[in-house]
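Visitor: For the record, the sequence lines run as chains V and Z.
Going by the UniProt record's numbering, the first sequence opens with residue 1, and the numbers climb by one from there.
Going by the UniProt record's numbering, the second sequence opens with residue 1, and the numbers climb by one from there.
No lab work stands behind these hints: they were computed from the structure.
Computed from a predicted model, the values in this text were never measured in an experiment.
Where a beta carbon is used, it is the ideal one built from N, C-alpha and C, also for glycine.
One thing to keep in mind: the hints can contain errors.
Simulated restraints, written as ranges between beta carbons of each label pair [to be verified]:
#, chain 1, residue 1, chain 2, residue 2, range
1, V, 187, Z, 252, 54 to 62 Å
2, Z, 67, V, 50, 22 to 30 Å
3, V, 187, Z, 70, 24 to 32 Å
4, V, 331, Z, 209, 52 to 60 Å
Quick look at which bits of chain V chain Z covers, simulated, 3 or more residues with Cβ under 8 Å [as the list claims (entries may be wrong)]:
#, region
5, 92–98
6, 194–204
Stretch-level coverage of chain V by chain Z, calculated; a stretch enters the list once three of its residues show a Cβ under 8 Å from a Cβ in chain Z [stated by the list, open to error]:
#, region
7, 72–82
8, 314–326
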Amino acid sequence: MKKSIIVAAVAATGLTAGIANAQTLSQIQERGELNCGVSTGLAGFSAPDANGVWQGFDVDKCRAVAAAILDDPMAVNFVPTTGQTRFSALASGEVDMLARNTTWTFTRDIDLNLTFVGTNYYDGQGFMVPREIGVSSGMELDGATVCIQTGTTTELNLADFFRANGMSYEPVPIETNAEAQQQYLAGACDVYTTDVSGLAATRASFADPGEHVILPEVISKEPLGLVVRDGDKQWEGIVRWTLMALIAAEELGVTSANVAELAEGTDSPEINRLLGAEGDFGAMLGLDSEWAVRAIAAAGNYGEIFAANIGEQTPIGLARGLNAQWTQGGLMYAPPFR
Amino acid sequence: MSNIESHTIAYVRGTMIPEQDPPITETGAIKWLRENLFSGWFNTLLTILSLLIIWWSVAAIGPWLWNMVWNAGSLRECREILAGAEGACFAVINDRWHQLLFGFYPPALYWRPVLALILLFVALAPVLFPDLPRKLLWFSAVYPFVAYHLLWGGSVWLPIVALLGFVAGYVAWRLIHRMSPLASVFAAVIVPVLWWVILAAPLNSFLYSGLPWGLDFVRSDRFGGFLISLVIGITGISISLPLGILLALGRQSDMVFVKSVCVVFIEFIRGVPLITLLFTASLLLNYFLPPGTSFDLILRVIIMVTLFAAAYMAEVIRGGLAALPRGQYEAADALGLDYWKAQRLIIMPQALKISIPGIVNTFIGLFKDTTLVVFIGLLDPIGLSNAIRASTDWQGVYWELFIFIGLLFFVFCFGISRYSMYLERRLKTDHK
Chain V
1 MKKSIIVAAV
11 AATGLTAGIA
21 NAQTLSQIQE
31 RGELNCGVST
41 GLAGFSAPDA
51 NGVWQGFDVD
61 KCRAVAAAIL
71 DDPMAVNFVP
81 TTGQTRFSAL
91 ASGEVDMLAR
101 NTTWTFTRDI
111 DLNLTFVGTN
121 YYDGQGFMVP
131 REIGVSSGME
141 LDGATVCIQT
151 GTTTELNLAD
161 FFRANGMSYE
171 PVPIETNAEA
181 QQQYLAGACD
191 VYTTDVSGLA
201 ATRASFADPG
211 EHVILPEVIS
221 KEPLGLVVRD
231 GDKQWEGIVR
241 WTLMALIAAE
251 ELGVTSANVA
261 ELAEGTDSPE
271 INRLLGAEGD
281 FGAMLGLDSE
291 WAVRAIAAAG
301 NYGEIFAANI
311 GEQTPIGLAR
321 GLNAQWTQGG
331 LMYAPPFR
Chain Z
1 MSNIESHTIA
11 YVRGTMIPEQ
21 DPPITETGAI
31 KWLRENLFSG
41 WFNTLLTILS
51 LLIIWWSVAA
61 IGPWLWNMVW
71 NAGSLRECRE
81 ILAGAEGACF
91 AVINDRWHQL
101 LFGFYPPALY
111 WRPVLALILL
121 FVALAPVLFP
131 DLPRKLLWFS
141 AVYPFVAYHL
151 LWGGSVWLPI
161 VALLGFVAGY
171 VAWRLIHRMS
181 PLASVFAAVI
191 VPVLWWVILA
201 APLNSFLYSG
211 LPWGLDFVRS
221 DRFGGFLISL
231 VIGITGISIS
241 LPLGILLALG
251 RQSDMVFVKS
261 VCVVFIEFIR
271 GVPLITLLFT
281 ASLLLNYFLP
291 PGTSFDLILR
301 VIIMVTLFAA
311 AYMAEVIRGG
321 LAALPRGQYE
331 AADALGLDYW
341 KAQRLIIMPQ
351 ALKISIPGIV
361 NTFIGLFKDT
371 TLVVFIGLLD
381 PIGLSNAIRA
391 STDWQGVYWE
401 LFIFIGLLFF
411 VFCFGISRYS
421 MYLERRLKTD
431 HK
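Put together the whole structure using the sequences plus the hints.
Guide: And the structure:
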């Protein structure tokens with residue numbers, strides 16, 4: 001009841017705000033800076049370093065968009081948003097786009113008048129248990145106590161999973177990921193459940209990660225997307241195709257190291273169209289022809305961004321999995337630049 | 001002589017027994033222990049229980065604190081240094097203390113908030129300690145404008161022009177006061193408002209284009225950490241007290257309109273949780289403002305926190321007013337004092353004295369409530385502790401950050417509370 005009122009209020013105001021903000025691109029160019037909504041802190045995805053510079057997988061997407069528009073990957077004003085404030089911040093125009101672990105769902109896309117321009121990261125909810133309890137599958141968790149963040153979709157997914165499999169569980173509600181780690185390590189719960197990327201990051205921070213197992217079951221689909229307001233087709237296109245350019249660049253072998261060289265012209269028409277040597281794609285977006293070159297040069301292609309922030313060489317150590325290119329058996333698939 | 005007497009009456013002792021030490025159970029540490037810790041079976045039991053609890057806590061926390069590590073680049077390095085032992089990794093404080101204190105404020109400009117804090121104590125001194133020369137109060141009056149310029153920077157003319165608004169109000173009051181005291185009160189309110197709304201911005205840009213003086217501008221979203229708590233807390237505290245006094249007086253007023261406005265305001269604010277007001281500030285206000293205007297988030301939060309504290313303050317002061325005997329009001333009337341003079345000279349000094357514990361309570365509560373801004377995405381110390389934990393270096397650090405933040409808050413809250421005790425003692429002797 002309460003939720004539906006808030007949703008309706010956001011939807012109604014989002015509509016008017018959307019109309020009022022139809023010129024997002026020119027506003028950003030005038031401001032000289034992209035306002036990008038990120039999470040207040042999620043390991044590997046967005047966090048300020050010791051110098052106050054934001055780093056992470058989501059953050060690099062903002063930098064790519066800023067580079068495409070403003071020719072400066074640092075011209076981003078990162079606005080930390082919480083789970084409660086993110087959609088209102090976007091709808092009211094406080095931020096131009098959201099690059100925050102936000103799951104693409106029907107109601108968010110349709111009812112909130114937001115547009116998910118594409119999937120940035122395919123996540124899913126999983127379970128972590130201490131190795132010593134000897135559980136190897138989610139089906140053996142009957143009667144377990146489960147640490148779970150309240151007020152999130154993970155709570156509902158958990159209830160669905162246990163009901164569907166005829167098992168019972170006892171929830172231990174917690175507020176933040178840091179608190180969950182403490183509770184889990186202190187033995188207040190047998191199982192910790194959240195998105196698999198979060199579990200991997202959490203496990204990596206333990207004193208002995210080998211003592212904990214992430215179970216093979218992934219019980220939900222969490223496609224995390226980049227989000228913009230409805231009502232500005234041009235802006236939506238810029239954010240969508242910047243993301244697609246990063247994904248396509250990886251598929252075509254364009255990296256931050258060779259992008260400048262390839263931009264001068266290659267034998268591959270697809271690369272030429274992507275990097276602006278052929279065709280007029282930048283102008284169709286309202287940008288110049290070098291837009292994708294700058295976006296890729298900012299932090300690298302999708303694969304480079306993945307490897308630098310959350311990949312197997314980082315402490316978080318996520319495998320590509322579903323986030324590999326479609327040619328490698330993953331789901332990352334950019335439509336053709338044609 | 002004693003010898004002679006000792007022979008005269010055999011059964012009477014003629015000499016003093018030499019002084020002896022008191023029994024060992026009635027002296028020194030043992031006496032103290034017996035009287036205070038083991039004076040009965042129940043107290044003995046409590047003592048043993050307490051000792052056990054203390055022992056357990058020390059055994060649990062002691063090694064952790066004893067092994068603390070201050071120099072490491074990440075939690076992993078901390079663990080390597082500790083080599084399996086339990087130990088606190090305070091290296092995170094060493095690495096990020098400047099963020100916890102200043103947020104994302106440019107490091108080259110850290111001297112500005114520090115100077116603002118030092119000047120704050122200078123400005124507070126004459127307010128807090130009446131023995132200091134009264135002329136220092138002028139600095140206290142100007143301090144908010146100095147602090148604004150130090151913290152935010154930008155055009156030096158902006159705070160000066162804003163300050164001139166008060167001067168304009170005072171001039172208007174002086175000019176009209178002789179003709180009509182009531183009209184002068186209205187003029188003292190309306191003239192500054194008109195000044196700020198109409199004249200201030202163009203005058204500022206005119207002066208700035210001619211004489212572009214001022215410190216580098218620092219945007220509000222660079223503020224964070226303890227700096228944001230202090231800015232919100234201190235502004236809220238210093239504005240909520242006068243606002244609360246006005247509201248309390250308004251609530252007792254005979255004028256129906258003033259009274260009902262005050263009652264509705266106080267009851268509405270007190271009926272709503274602070275977190276709701278913060279969400280209103282961060283989310284709803286944006287919808288009501290014309291698109292494109294970016295009304296500073298910190299300013300919105302400061303306004304909401306101040307209004308919230310003012311409503312509580314009004315009720316605390318109303319309690320003080322209610323405790324004054326009716327005779328005080330009548331005595332003031334009998335002396336022929338007008339309303340404001342009676343309030344200033346007779347009612348308020350007594351009412352405020354009674355309310356000191358309540359006022360200080362509200363202050364401390366307000367200061368600690370500033371941590372609620374974490375829910376609207378402002379990076380106060382608690383918010384930054386989450387952000388720091390989200391970096392791959394420090395993920396998994398938990399208590400160390402909270403201990404540091406807790407200490408910072410303790411220093412300030414304890415200071416406020418000690419001052420209020422000093423004030424109560426001093427005011428008590430004044431009136432004896």
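Visitor: A separate judgement is required for each hint: does it hold in the structure or not?
Guide: So, going through the hints one by one against the coordinates:
A C-beta distance of roughly 57 Å is found between residue 187 of chain V and residue 252 of chain Z, which places it inside the suggested range of 54 to 62 Å. In this structure, residue 67 of chain Z and residue 50 of chain V meet the distance hint of 22 to 30 Å, their C-beta atoms being roughly 24 Å apart. Judged by the Cβ atoms, the range 24 to 32 Å given for residue 187 of chain V and residue 70 of chain Z holds: they are separated by roughly 29 Å. In this structure the supplied range 52 to 60 Å holds for residue 331 of chain V paired with residue 209 of chain Z, their Cβ-Cβ distance being about 56 Å.
Only residues whose C-beta sits within less than 8 Å of a C-beta in chain Z count toward coverage, and the region 92–98 of chain V has 3 of them, enough to reach three; the restraint holds. Against chain Z, the region 194–204 of chain V contributes 3 residues with a C-beta closer than 8 Å to a partner C-beta. That satisfies the three-residue criterion, and the hint holds. Counting residues of the region 72–82 of chain V whose C-beta lies closer than 8 Å to any C-beta of chain Z gives 5; at least three are required, and the coverage claim holds. Restraint check on the region 314–326 of chain V versus chain Z: 3 residues with Cβ-Cβ distances below 8 Å, three needed, restraint holds.
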